[in-house]
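K.L.:
Under my numbering, the letters of the first sequence match residues 49 to 643, in that order.
Take the hints with a grain of salt, since some may be wrong.
As the list claims (entries may be wrong) - Label pairs and their computed distance ranges (CB to CB): (1) Arg232 / Glu55: 36 to 46 angstroms; (2) Glu349 / Glu217: 47 to 57 angstroms; (3) Pro167 / Glu452: 48 to 58 angstroms; (4) Phe91 / Lys629: 49 to 59 angstroms; (5) Arg66 / Met619: 33 to 43 angstroms; (6) Lys115 / Pro221: 52 to 62 angstroms.
No wet-lab data here; the hints were simulated from the structure. Since the model is a prediction, treat every value here as computed from it, not as a measurement. Ideal Cβ positions, reconstructed from N, Cα and C, are used throughout, including at glycine.
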Amino acid sequence: MAEQLGELTRTHTCGALRPADVGANVVLLGWVHRVRDLGGLLFVDIRDREGITQVVFDKDDETLMAKGKRLRSEYVVGVEGRVRRRSAETVNPKLETGEVEALVRRLTILNEAKTPPFPVADETPVSEDVRLKYRYLDLRRPRLQNNIILRHRVSAAIRKYFDANGFLEIETPILTKSTPEGARDYLVPSRVHPGEFFALPQSPQLFKQILMIAGMDRYVQICKCFRDEDLRADRQPEFTQVDVEMSFARPETIYGVIEPLMRDIFAVVGRAIETPFPRMSYADAIAKYGSDKPDLRPGMEIQDLRELFRESSFRVFRDIVANAGTVRGFVIPKASHYSRSEVDGIVDMAKQQLGATGLVWARRMDDGAVTSSVMKAMGEDAVRQMLDATSTGPGSLIFIAAGEPDSTSKLLGQLRLILAKKDGLLRPDDYLFTWVVDFPLLEWDAEEKRYASMHHPFTAPHDADLDKMGIDPGHARAKAYDLVLNGSEIGGGSIRIHDASLQSRIFSLLNISEEEAKLRFGFFLEALEYGTPPHGGIALGLDRIVAILSNESSIREVIAFPKTATATDLMSDAPSPVDAKQLRELHIQLREQKS
RNA sequence: GGGGUGGUAGUUCAGUUGGUUAGAACGCCGGCCUGUCACGCCGGAGGCCGCGGGUUCGAGUCCCGUCCACCCCGCCA
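Produce the entire structure from the sequences given, and follow the hints as far as they go.
P.N.:
Spelled out as structure tokens, the structure:
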């Protein structure tokens, strides 16, 4: 039976007591972390967010001892007692409070607790579905407590930084307008307007641009965004963005704001990072790393080997080069530990999992001897020559692929990361940032047979590429940039179009008719015509940043109440059916499920 | 939509070529214990082997389907 709190007032948290408090009468409020019953002596660890304190029951007081023996894991208690110093032999160096303990004078059992489905008091791994169902218990454990506390401190540092730099935090609507393009919207039916829907924002994009038109100059918001797409370890249907927009900004203006911000964020975990961040064009990122979010930690850049094979006797590669294909490869400098069968296994794995067709390898052994999977076809001299040309020294190994340029780079990029991870080259304590810039403005959508915006339709083209838009729109570059850290895209943004006529041209390139544009973005196009300052911004993925800082491989570990890979909440069991009455009010009729 | 890994006690796992009564550790319950701190010692309870079907004399184990969790591809301006 639970007792009431009454006049019980906390004097210290469970992480607070020190030798200086010896003799004090204290009240601790918290959870029973662990019980050690020695018969005539009972130790109980009391836990709260701040720490753990040991309290002692002595059998001098039999009633009190009897009550203490009722305590079980996760009971909520109030303990009144006197602080005393522990003898030298009984100090617990693992606890901040380990030099002292409290001798209990009064115990209040504020609540009992069922036996938890998994131990809260230790870090033993538990399957994720159980953790998600009992999220409130998982959140009591140190891992998530620390992550959530870290997340708060990062958010606080962000707000402090932007406040100090003249940004205004302004809220934008959650109930907003559905727009074509981009991710699938979460829709909210309107009760008042039958058949009409709000959409939850994929990002506050148009609103923040309108705030610039409204003269707010510098805007920031830590906001929830919603995208109804399939999930990944780093993607949740609702996620948090640090959304930023600035008037009169060039890309350098944005870098100049974001780099010191990242410095402040990393200072939260005591890490110094170097600024400015290096910049790399999108084309280089694809060519050298096979990815638009390159992980720079392992080195092992992909090299263009076309010249080596243009005149080669190795016909397969020569033909590919002759037919506008590519031959590329990357070197693993320290590969002595790979056995022949292991290397063959890697090729098999790449064929199966990555769809590699023409993957070959060559290596120089520690003693200088050379071998290759195509030794016969190429000839030893040619192999040796190739290894020389690619700086494949003793003990190193090169993987080479040939074919269509983009897919070849992508394949090598994936393989590079798999092998780097295997060899422990993705060191979690290295933080390598880079800006990826000069994205293409548009990409060809083969399915819909039209151009689509690579970033979004409000992205400004490069000044130098404005004239390309009529003749060769596919090669126009955008004033867009991504911030990449250790192979993770942690932010992306662009300078926006501030000119209504240019915006209209973009829509027509995207095959969005004037009527369609008016219907979907009319309010915005009209706003553009009332004195829009040049402006641009960026959005940072807060969940991903905190995940990297806490060395977690999934953003679920830094979100208090995340969803599963099938976008459900195992704790609340959302989504769930609703009453027929609710549906009627919303003018919604359910269709029979197709079987 | 596609590919992969896993699902056995409350939890984490083991379970042989298909063969007796499905095990261990931790947790839980009871007992003993005055300096423990992952307390210790003794005893006990606890299982729809994810679910449904099939093969078989016999299925945790083999086959088919299905559900759930996780990872990846597609998708994510």
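K.L.:
Please check whether Arg232 and Glu55 have a Cβ separation lying inside 36 to 46 angstroms.
P.N.:
Given range 36 to 46 angstroms: violated, Cβ gap about 55 angstroms.
K.L.:
Could you say whether the range 33 to 43 angstroms given as a hint is met by the Cβ separation of Arg66 and Met619?
P.N.:
Between Arg66 and Met619, where Cβ atoms are some 38 angstroms apart, the hint holds.
K.L.:
Starting from the range 49 to 59 angstroms, see whether the pair Phe91 and Lys629 falls in it by beta-carbon distance.
P.N.:
holds, 56 angstroms
K.L.:
So does Pro167 sit 48 to 58 angstroms from Glu452, Cβ to Cβ?
P.N.:
holds, 53 angstroms
K.L.:
CB of Glu349 to CB of Glu217, is that within 47 to 57 angstroms?
P.N.:
violated, 41 angstroms
K.L.:
Does the Cβ pair Lys115, Pro221 satisfy 52 to 62 angstroms?
P.N.:
At 54 angstroms between Cβs, range holds.
Hint check: violations occur at hints 1, 2; the rest are consistent with the structure.
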